[in-house]
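Undergrad: Kindly generate the complete structure, drawing on both the sequences and the hints.
As a plain string of letters, each chain reads:
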Amino acid sequence: DAGVIQSPRHEVTEMGQEVTLRCKPISGHNSLFWYRQTMMRGLELLIYFNNNVPIDDSGMPEDRFSAKMPNASFSTLKIQPSEPRDSAVYFCASSSLAGISYEQYFGPGTRLTVT
Amino acid sequence: AQTVTQSQPEMSVQEAETVTLSCTYDTSESDYYLFWYKQPPSRQMILVIRQEAYKQQNATENRFSVNFQKAAKSFSLKISDSQLGDAAMYFCAYAMSMGGADGLTFGKGTHLIIQP
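Residue numbers (the numbering used here), protein chains in the order written: chain P, 1 to 115; chain F, 116 to 231.
Check each hint, because a few of them may be wrong.
[To be verified] Heads up, incomplete: computed chain P residues facing chain F, CB under 10 Å, no partners named:
{"no.": "1", "residue": "S31"}
{"no.": "2", "residue": "Y48"}
{"no.": "3", "residue": "P84"}
[Said to hold, decoys possible] Cβ-to-Cβ under 8 Å is the rule here; a few derived chain F residues that face chain P:
{"no.": "4", "residue": "Y140"}
{"no.": "5", "residue": "R158"}
{"no.": "6", "residue": "Q159"}
{"no.": "7", "residue": "M160"}
{"no.": "8", "residue": "L162"}
{"no.": "9", "residue": "A202"}
{"no.": "10", "residue": "F206"}
{"no.": "11", "residue": "G218"}
{"no.": "12", "residue": "L219"}
{"no.": "13", "residue": "K223"}
{"no.": "14", "residue": "G224"}
[Unchecked claim] Computed list of lysine-lysine pairs in BS3-like fashion (alpha-carbon distance at most 30 Å, straight line):
{"no.": "15", "chain 1": "P", "residue 1": "K24", "chain 2": "P", "residue 2": "K78"}
{"no.": "16", "chain 1": "F", "residue 1": "K223", "chain 2": "P", "residue 2": "K68"}
{"no.": "17", "chain 1": "F", "residue 1": "K193", "chain 2": "F", "residue 2": "K170"}
{"no.": "18", "chain 1": "F", "residue 1": "K223", "chain 2": "P", "residue 2": "K78"}
{"no.": "19", "chain 1": "F", "residue 1": "K223", "chain 2": "F", "residue 2": "K170"}
{"no.": "20", "chain 1": "P", "residue 1": "K24", "chain 2": "F", "residue 2": "K223"}
{"no.": "21", "chain 1": "P", "residue 1": "K24", "chain 2": "P", "residue 2": "K68"}
{"no.": "22", "chain 1": "F", "residue 1": "K170", "chain 2": "F", "residue 2": "K185"}
{"no.": "23", "chain 1": "P", "residue 1": "K68", "chain 2": "P", "residue 2": "K78"}
Note that these hints are calculated values from the structure, not bench results.
We put the CB at the ideal spot given by N, CA and C, even for glycine.
TA: Pasting the structure below:
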């Protein structure tokens, strides 16, 4: 089991540029979550999907943020245009709705730095 | 909205001793789930222990146990026989469903230092 895969692990970009973070959930999992971690705000839920459908995006900070899950094995989080205050670690997590394994499994995170 | 509060930004304990990390939460729900996650310097989030609110019995996982007080909305983590590998940030988290269908609400974390 490869676990949740996130890419890139590190991203450095300039203000105004578009940033795309990628996530591959664990095979068979049908819930996917995007979190953001900063020193000031801690860990925040941005958006989550059940069966590829966005359920709650109330945590998405601004219209500059968008997330998609075109299929069960891939999700993206896009920031356009990026700003320095978007600098954070972005985590993707996946889980199963089946109840057999109800833990949220986290990926290693993407550290984003916007200069 | 649910909130999770960890009032101890940092705790320190001697190796082999016992330490308790505090967590309180606020919810109007009667059925929910509580978790403790560990985040070592590698930043990987690792589930330590989980508690279902409908269960009166406190969860235990080896050296880790919780004291769940539903009426007081308190959920503390006890680590017995502390080891150097326990040094990490610890996050208390809440979910309305068992993680698979609802996002987690996290506390701000407690930095645990293990003194050799």
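Undergrad: A separate judgement is required for each hint: does it hold in the structure or not?
TA: Hints versus structure:
1. S31: holds, 5 Å
2. Y48: At about 5 Å, which falls below the 10 Å cut-off, the nearest Cβ of chain F leaves the hint on Y48/P intact, so it holds.
3. P84: violated, 21 Å
4. Y140: violated, 14 Å
5. R158: With a minimum Cβ separation of about 5 Å from chain P (threshold 8 Å), the hint on R158/F holds.
6. Q159: This interface hint holds because 6 Å falls under the 8 Å limit.
7. M160: For M160/F, the interface hint holds, since the closest Cβ of chain P sits about 4 Å away, which is under 8 Å.
8. L162: Cβ of L162/F sits 5 Å from chain P, so the hint holds.
9. A202: A202/F check fails; min Cβ-Cβ to chain P is 19 Å, beyond 8 Å.
10. F206: The hint holds - F206/F has a Cβ within 8 Å of chain P, the shortest such distance being about 6 Å.
11. G218: Hint on G218/F: holds, closest Cβ of chain P at ~4 Å, below 8 Å.
12. L219: holds, 6 Å
13. K223: Since the shortest Cβ distance to chain P is 5 Å, the answer is holds.
14. G224: holds, 6 Å
15. K24/P with K78/P: holds, 15 Å
16. K223/F with K68/P: Holds: K223/F and K68/P sit about 28 Å apart, inside 30 Å.
17. K193/F with K170/F: holds, 18 Å
18. K223/F with K78/P: holds, 25 Å
19. K223/F with K170/F: holds, 25 Å
20. K24/P with K223/F: holds, 27 Å
21. K24/P with K68/P: Measuring from Cα to Cα gives roughly 12 Å; hence the hint holds.
22. K170/F with K185/F: holds, 10 Å
23. K68/P with K78/P: holds, 9 Å
Going through the hint list in order, the structure does not satisfy hints 3, 4, 9.
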